[in-house]
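Student: Sequence:
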Amino acid sequence: MKRWSFLLLALLVSCSETPADSPHALSRSPVSVRGWIHDVEGSVHEQIPDLEIARRQQLFMATTVFVEKSEFSSGGVGENGAFLVLDVPPNAADVVFQSTNIDAARLVLKDVPGNADVIVPAIILRRGAVTVLDPKAIKVRLPSDAKQPRDTGKFATVAGHRVPIIETPLAQLADRREYPDPGGFRPVATFK
164 MKRWSFLLLA LLVSCSETPA DSPHALSRSP VSVRGWIHDV EGSVHEQIPD
214 LEIARRQQLF MATTVFVEKS EFSSGGVGEN GAFLVLDVPP NAADVVFQST
264 NIDAARLVLK DVPGNADVIV PAIILRRGAV TVLDPKAIKV RLPSDAKQPR
314 DTGKFATVAG HRVPIIETPL AQLADRREYP DPGGFRPVAT FK
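Numbers given in the numbering used here equal positions in the sequence shown, counted from 1, plus 163.
No wet-lab data here; the hints were simulated from the structure.
Positions of the beta carbon are idealized from the N, C-alpha and C atoms, including for glycine.
Please note that the accuracy of each hint is not assured.
To be verified - Heads up, simulated BS3-like pairs for lysine-lysine below, C-alpha to C-alpha not over 27 angstroms straight-line: (1) Lys-317 to Lys-299; (2) Lys-299 to Lys-310; (3) Lys-299 to Lys-273; (4) Lys-232 to Lys-317; (5) Lys-232 to Lys-302; (6) Lys-317 to Lys-302.
What the hints assert, rightly or not - Between beta-carbon pairs, the in silico distance windows are: (7) Gly-291 to Pro-312: 13 to 23 angstroms; (8) Leu-249 to Gly-346: 15 to 25 angstroms; (9) Asp-274 to Asp-213: 38 to 48 angstroms; (10) Leu-333 to His-208: 40 to 50 angstroms; (11) Ala-334 to Ala-217: 35 to 45 angstroms; (12) Pro-212 to Leu-296: 18 to 28 angstroms; (13) Asn-264 to Arg-191: 15 to 25 angstroms; (14) Ala-334 to Asn-264: 10 to 20 angstroms; (15) Arg-191 to Asp-274: 13 to 23 angstroms; (16) Ala-255 to Ala-217: 31 to 41 angstroms; (17) Asp-344 to Lys-310: 24 to 34 angstroms; (18) Thr-263 to His-324: 21 to 31 angstroms; (19) Gly-277 to Pro-312: 14 to 24 angstroms.
Generate coordinates for the entire structure from the input sequences, incorporating the hints supplied.
Tutor: Next up, the structure:
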């Protein structure tokens with residue numbers, strides 16, 4: 164009888180939900196956050212292009228990403244520096260990067276509506292924050308039935324920059340769960 168009681172208790176605990184008002188609750192309208200890391204502040208650059216490519220790959224592979232106070236968000240950083248984080252809570256969130264010599268570079272999001280796709284290209288990780296190399300390239304896209312992208316007149320704050328929220332046709336948001344392509348380094352020559 165004790166065995167069945169223990170199994171029933173374990174089942175109840177595993178099926179229990181996180182309270183809706185908890186900062187750890189799963190959102191019904193999660194946000195995706197994508198982009199790429201350009202570099203980490205204080206990194207020593209290599210003069211030979213192939214060695215620089217290898218240095219960056221090692222740096223990016225040693226980088227982790229998580230969302231503070233969210234146990235359901237998941238994501239990662241590719242060897243080319245591209246990152247993808249899914250199930251980020253809407254409104255306000257801190258996406259935290261940890262890398263070589265950087266404990267917590269925070270990408271702070273505020274006023275981001277649910278179901279949005281946030282694209283933050285070319286960031287530099289530094290202690291406590293991130294620097295966006297081209298703030299005008301940041302996008303906050305919101306799914307819409309519209310035929311063409313259109314401005315909502317509302318704004319979100321991404322890494323301290325005020326960014327317009329754009330309603331985007333659903334067909335153009337097919338990539339919101341994919342790593343972006345940062346372009347970047349390619350070998351100078353290929354030998355056969």
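Student: Measuring from beta carbon to beta carbon, are Gly-277 and Pro-312 in 14 to 24 angstroms?
Tutor: Since the Cβ atoms of Gly-277 and Pro-312 sit about 18 angstroms apart, the hinted range of 14 to 24 angstroms holds.
Student: For the pair Leu-333 and His-208, does the Cβ-Cβ distance stay inside 40 to 50 angstroms?
Tutor: Since the Cβ atoms of Leu-333 and His-208 sit about 41 angstroms apart, the hinted range of 40 to 50 angstroms holds.
Student: Hint check: Lys-232 vs Lys-302, CA-CA at most 27 angstroms. Holds or violated?
Tutor: OK: Lys-232 and Lys-302 at ~24 angstroms, within 27 angstroms.
Student: Okay, Ala-255 versus Ala-217 on CB: inside 31 to 41 angstroms?
Tutor: At roughly 38 angstroms between Cβ atoms, Ala-217 and Ala-255 fall inside 31 to 41 angstroms, so the hint holds.
Student: For the range 13 to 23 angstroms, tell me whether the beta carbons of Arg-191 and Asp-274 fit it or not.
Tutor: 18 angstroms, holds
Student: Confirm or reject the claim that Ala-334 and Asn-264 have a C-beta distance inside 10 to 20 angstroms.
Tutor: Violated, at about 42 angstroms.
Student: Confirm or reject the claim that Asp-344 and Lys-310 have a C-beta distance inside 24 to 34 angstroms.
Tutor: Roughly 26 angstroms apart at Cβ, these two residues keep to the hinted range, so it holds.
Student: Could you tell me whether the CB distance from Gly-291 to Pro-312 stays inside 13 to 23 angstroms?
Tutor: Given a distance of about 34 angstroms, which is not inside 13 to 23 angstroms, the answer is violated.
Student: If you draw a straight line from the CA of Lys-232 to the CA of Lys-317, is it 27 angstroms or shorter?
Tutor: 26 angstroms, holds
Student: Keeping to a limit of 27 angstroms between CA atoms, is the pair of Lys-299 and Lys-310 held or broken?
Tutor: 24 angstroms, holds
Student: I want to verify a distance hint. Is the separation of the beta carbons of Ala-334 and Ala-217 within 35 to 45 angstroms?
Tutor: 38 angstroms, holds
Student: Check the hint pairing Lys-317 with Lys-299 against an upper bound of 27 angstroms on the C-alpha distance.
Tutor: The hint holds at about 16 angstroms.
Hints 7, 13, 14 from the earlier list are contradicted by this structure; the remaining hints agree with it.
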